[in-house]
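Just so you know, the protein sequences line up as chains A and B, in that order. Following numbering that gives the first Met the number 0 from start to finish, the first sequence increments by one per residue and tops out at 362. Following numbering that gives the first Met the number 0 from start to finish, the second sequence increments by one per residue and tops out at 362.
Honestly, I wouldn't trust all of these hints.
To be verified - Label pairs and their calculated CB-CB ranges:
hint	chain 1	residue 1	chain 2	residue 2	range
1	B	Ala134	A	Ala311	39 to 47 Å
2	B	Gln269	A	Pro174	31 to 39 Å
3	A	Glu330	B	Glu330	27 to 35 Å
4	B	Glu352	A	Glu191	31 to 39 Å
What the hints contain is simulated information worked out from the structure, not anything from laboratory work. These figures come from a predicted structure and were not determined experimentally. Beta carbons are placed, not taken as given, at the ideal position from N, Cα and C, and that holds for glycine.
Number of protein chains: 2
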Amino acid sequence: MTEVTYQNYPSERLHEFCRRVFEHYEVPPEDAELAASVLAMSDLRGIDSHGVGRLYSYSEMLDNGRINPRPQIKILRQSPSTATVDGDNGLGLVVGPRANEIAMEKAALVGTGWVSVCNTNHYGIAGYYPIQALARDMIGWSMTNTTKLVQPLWGGERMLGTNPIAIAFPGLEEPAVVIDLATSAVAYGKIEIAKRKGETIPDGWAIDADGRNTNDPQAMMDLGALTPLGSFRELGGHKGYCLAAMVDVLCCVLSGANWGPFAPPFTLRQQLPERSVGKGIGHFFGAMSIDAFIEVDEFKRQIDDWVRTMRATKSQPGTPGVIIPGDPEREAEAVRSKEGIPLVMTLVEELREISRHTGIPLD
Amino acid sequence: MTEVTYQNYPSERLHEFCRRVFEHYEVPPEDAELAASVLAMSDLRGIDSHGVGRLYSYSEMLDNGRINPRPQIKILRQSPSTATVDGDNGLGLVVGPRANEIAMEKAALVGTGWVSVCNTNHYGIAGYYPIQALARDMIGWSMTNTTKLVQPLWGGERMLGTNPIAIAFPGLEEPAVVIDLATSAVAYGKIEIAKRKGETIPDGWAIDADGRNTNDPQAMMDLGALTPLGSFRELGGHKGYCLAAMVDVLCCVLSGANWGPFAPPFTLRQQLPERSVGKGIGHFFGAMSIDAFIEVDEFKRQIDDWVRTMRATKSQPGTPGVIIPGDPEREAEAVRSKEGIPLVMTLVEELREISRHTGIPLD
Chain A
0 MTEVTYQNYP SERLHEFCRR VFEHYEVPPE DAELAASVLA MSDLRGIDSH GVGRLYSYSE
60 MLDNGRINPR PQIKILRQSP STATVDGDNG LGLVVGPRAN EIAMEKAALV GTGWVSVCNT
120 NHYGIAGYYP IQALARDMIG WSMTNTTKLV QPLWGGERML GTNPIAIAFP GLEEPAVVID
180 LATSAVAYGK IEIAKRKGET IPDGWAIDAD GRNTNDPQAM MDLGALTPLG SFRELGGHKG
240 YCLAAMVDVL CCVLSGANWG PFAPPFTLRQ QLPERSVGKG IGHFFGAMSI DAFIEVDEFK
300 RQIDDWVRTM RATKSQPGTP GVIIPGDPER EAEAVRSKEG IPLVMTLVEE LREISRHTGI
360 PLD
Chain B
0 MTEVTYQNYP SERLHEFCRR VFEHYEVPPE DAELAASVLA MSDLRGIDSH GVGRLYSYSE
60 MLDNGRINPR PQIKILRQSP STATVDGDNG LGLVVGPRAN EIAMEKAALV GTGWVSVCNT
120 NHYGIAGYYP IQALARDMIG WSMTNTTKLV QPLWGGERML GTNPIAIAFP GLEEPAVVID
180 LATSAVAYGK IEIAKRKGET IPDGWAIDAD GRNTNDPQAM MDLGALTPLG SFRELGGHKG
240 YCLAAMVDVL CCVLSGANWG PFAPPFTLRQ QLPERSVGKG IGHFFGAMSI DAFIEVDEFK
300 RQIDDWVRTM RATKSQPGTP GVIIPGDPER EAEAVRSKEG IPLVMTLVEE LREISRHTGI
360 PLD
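So here's chain A without its partners, still in its complex pose (with noise of 0.2 Å):
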């Protein structure tokens, strides 16, 4: 077992350099500081698979010319309240929040509004995009199609993402209820961390080259494949392959975008894909007015009920209880507001070796 550093950054210092970053890479300022901040809501809300541990991705792809800095988003169809938007293959930590928000501004005319994009690339977390409709009294939805890396039940190779959907519920005295979920049963993130660590990973989370059940992460890692959501068909494998599927189909083929297994990777060292369907990976965006369908406030009171009523839910022997979607991520962004974001050290070094590439400074 190795031994893991940390270093604490400000959450403030690492968005400045995020912003600057992409600056560096011809991204135009508003959008630099927009995809800085949706970097920054993952590394504070703890989430760090997703947060500036991923810049080194977008700088390399950027820097590459794999990415356009400086995108002309277009809406190729739209009705009152749906839109199907080309991303230019932009980044999607800029051409997310710009179709998300053409779903709210629907949803503000005709109730809900309904995205589908094309032509974009890794969006970042999920649940960035249902918390910016909370503020406008709005359900938020989001999802995304990924880089291969899940079987679908019963296949022995990868052919779907994790593929995410999130959701958001606002409450009144409560906080909201925030969904985000990958549709895999765990996070490629803790193949890795078993990994780092010379641990085994338990029985469910992955499969080998060969298709079969494996407790090695190498074994995943090398030409293996993460589980969807209820891993064996016998506690509803099929579930979690049925809920990438929507997925996938509700972001690329509704959008004209790869799906399944044919969606570019993120990175510079994975191999492109041996066919193309559609442009770039996906998106769906989805916004409700609450109130096309009730008083907002009386929504709201019962959202803290349900929270409370939950909450008050008997505990499971040796658990900690019943927690609300969305708690976990909101302790870590108390936590880290205050202290800042724990990098381990070779992240600190990646970004070290962008602040040498770019003249960014980071320290």
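With the hints as your guide, set chain B onto chain A.
Here is chain B on its own, set in the frame of chain A:
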């Protein structure tokens, strides 16, 4: 182990029997036909738990005045793309299809339609509703809450229903992708089957009244609970809980129905919840016009490609290989439309009792 015997009935005869039973209980002819057709689809598609097997409960609830046979379904609030519907305590098998129709009508006008429904009852299989949208070149969604049966992760008691999610996508030459899944790890029916056969149940299906994992079906049935999809924290049980929560809020908090543990039960023998937080149970329907996003033929061709690509996945050893959501139900329908619906003799006895009580011939 007890041997189970079956008797086959033609689908048409069961459909006719159900229709006449509903009419007997003062359901108007058109509504009785609609309700019977929802049950018939369930039996044809092999979902025995939601077809004629539920007729006894429906008729008992109608007979006792717990369900209103002639509801005045009202739109409480609407916008161009949304509606909130009060089902006037009618059969879910009638209120559901009518509300789903409103969603599709709105989608035809403004691209999408979204309808949240309160004051309704059990609506049959979730998959019935999106299947209606396929013929109109729409993507259909449906969700419902149900009587409490599932633990929120880390909870030691029933607090949520099995809260299903269904969505369907049409193909051109390939059959539609039809997703219909409960957000619990397994259906309650699987516990009942294990009990009937005198078998134990696997880890991850259920907890007992103390909140501990149990392998005894009776321990779950007494005062235990089903687990959410993902079963344990380690395998993503928090995600199943999040999905059940999402369904609960969209169906109930958004419409003004009874959410979580307060959903009224669907049989007379079950206790009413300790308090009421709304009216009846809730549903949520969505319809999205495909041509509001992309050319319909282009979408369907990509779905065909998606289906063929998934089918071509390398198989996991010891499994039948990857299937497409909707395949098992299509196979059941192919067999049952020829050979009839196999009813267990206990169910045949129940139907004969309804027949004696109503004077409507079964055989």
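Hints, verified against the model:
1. The hint said 39 to 47 Å for the Cβ distance between Ala134(B) and Ala311(A), and at roughly 45 Å that hint holds.
2. About 33 Å separates the C-beta atoms of Gln269(B) and Pro174(A), a value consistent with the hinted range of 31 to 39 Å.
3. Checking the proposed 27 to 35 Å range against Glu330(A) and Glu330(B) shows it is violated: the Cβ atoms sit about 47 Å from each other.
4. The hint said 31 to 39 Å for the Cβ distance between Glu352(B) and Glu191(A), and at roughly 60 Å that hint is violated.
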